[in-house]
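Undergrad: With the hints as extra help, turn the sequences into a complete structure.
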Amino acid sequence: MSVVILVSILGVFLVVVLVRSVKVVPQARVAIVERFGRYARTLDAGLNVVVPFIERIKYMVDLREHVVPFPPQPVLTLDGVVVQVDTVVYFEVTDPRTAAYETADYVRAIEHLAAAVLRNIIGDLRFEQALAERAAVNAGLRDVLIEVAARWGIRINRVELKAVEPPVAMQESMEKRVRAEYDKLAGVLRAEGDKHAALLQAETEREVAAIRASAERAAAQARSYQGPPLDAGSVPGHLPLRPGDPHRIGRFRLSARLGRGGMGTVYLGHSPGGRLVAVKAVRPELAADPAFRARFAREIDAARRVGGYHTAAVVAADPDDELPWLATEYIPGPSLHDVLRQHGPLPARTVHVLAIGVAETLEGIHACGIVHRDLKPGNIIISAAGPRVIDFGIARALDGTALTRVNQIIGTQGFLAPEQLTGAPVTPAVDLYAFGMVLSLAAGITPPTDPDSHHAAQNLLPAPLVALITRCLSPDPKSRPTPTDFLEHLHDDTTEDEDWLPPPVRTLVDLHNSPTASPP
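Just so you know, we're using full-length UniProt numbering here: the sequence shown kicks off at 1 and counts up by one.
Among these hints, one or two may not hold up.
[As the list claims (entries may be wrong)] No farther apart than 35 Å at their CA atoms in a straight line, the calculated lysine-lysine pairs in the DSBU-like style are these: (1) K195 - K176; (2) K184 - K162; (3) K23 - K58.
[What the hints assert, rightly or not] Listed next, with one range per pair, are the computed distances between beta-carbon atoms: (4) L200 - A424: 33 to 43 Å; (5) Y182 - D86: 37 to 47 Å; (6) N157 - R283: 51 to 61 Å; (7) R260 - D289: 34 to 44 Å; (8) D79 - H489: 39 to 49 Å; (9) A367 - P243: 39 to 49 Å; (10) P26 - P52: 14 to 24 Å.
Derived from the structure by calculation, the hints contain no laboratory data. Built from N, CA and C at the ideal position, the CB exists for glycine as well.
TA: Written as structure tokens, this is what we have:
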């Protein structure tokens, strides 16, 4: 009987020894083992064995990153204001032994250290300095924490100063002061805007009187003139043909140059029936590139698909000719680029109507599955019937295949959306970014190098239009409005008897509509 009892006691003892010997350390943690009250070793995660009754696990240290939000700390500034400072510290243990033995509770130690350092830093600053120099306060706190925590075996990854809250009474006082400053600034800007508008109106009236007198004289001469139409070069934007220029492309006779770009030259052409067309002829060196021919054919397809949406309709085209060409409806009128270069920013009413016209165009273009990708003032014609969008040279179908080279940025600098610069997928939102830049330039509110003049110029425009322009320039494509948003928020209040163009621009448009002689 005594043997059985002895064996039982021995078995129980062995089980206890086994249980006390086997220790499991969880993942991302380590265990600090002491032997007779002194540090012995560090156990990693997994199954471990300790000597029972001699060794014991004293500390379990978590190696994961700790995110510790400390409660708001009351801190007194140099000028006697008590502010509540809210801090978050991100840290992790790099030396478990040091962290376990150098401080009794490293989390509380970091909290108290952060509070003491904040009191020292902010205590040397006035209240307004503490608010304005949060980055400096944050950097000073981080530097001290990194230096001290390193002695505790802890690495400080990041320190964030979430908030510096003044007393409630002072918050109300600050809000009233800021509101008063904004009201004062608004009054100054309104006065500056009124003064600027009055000066512009006086200057415009003088120019209008001179231009109107000149136009009346020209109209009187035109009414009494019985000779042939004017030669190329007499009409603004029409340049005489140069030596080497073709005199005929397809069935169209050419009489003048309308412009030249990176893809080729645009000529003024005459159909056999006397219809005016704009004929784009590709440069010879580009015509030899099969990839470019494919791109030009894509332009023709895009122009045909969007024809009628405030754009120039395609009359004829031949992408397979020796020199590929495209003939579109001729829209007489200066480009928005020329208008802004000659007359500066446009009045609010003109920008308003311009926004509606181009928005209708983009709505139709995008409905056809086309992204223009190069909307800019040079590609918008100010015609007698309203704004027209031209040049689909780099337009891309949303379901099409890109024909551009890898890492090649397509478009015009200054009108490229951020995603175009990073090579992200092209969506209709890139046209809206360029649209916002176009409207900003037309209104004279870009670039905003001078915030006061920038806001003053914004005050001259209707608030809905300013809000839409601001959304267009958002770096996030999803935050930009659609053309439909423009049409829903803007309304054309121009009456039939009211001209949407200022008199100088109207005169320039009328001069572009002067008859041009047909070539022999």
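Undergrad: Hint by hint, note whether the structure agrees.
TA: These are the hints, each one checked on the structure:
no.	hint	in the structure
1	K195 - K176	holds, 28 Å
2	K184 - K162	holds, 31 Å
3	K23 - K58	holds, 12 Å
4	L200 - A424: 33 to 43 Å	holds, 41 Å
5	Y182 - D86: 37 to 47 Å	violated, 27 Å
6	N157 - R283: 51 to 61 Å	holds, 57 Å
7	R260 - D289: 34 to 44 Å	violated, 18 Å
8	D79 - H489: 39 to 49 Å	holds, 47 Å
9	A367 - P243: 39 to 49 Å	holds, 45 Å
10	P26 - P52: 14 to 24 Å	holds, 21 Å
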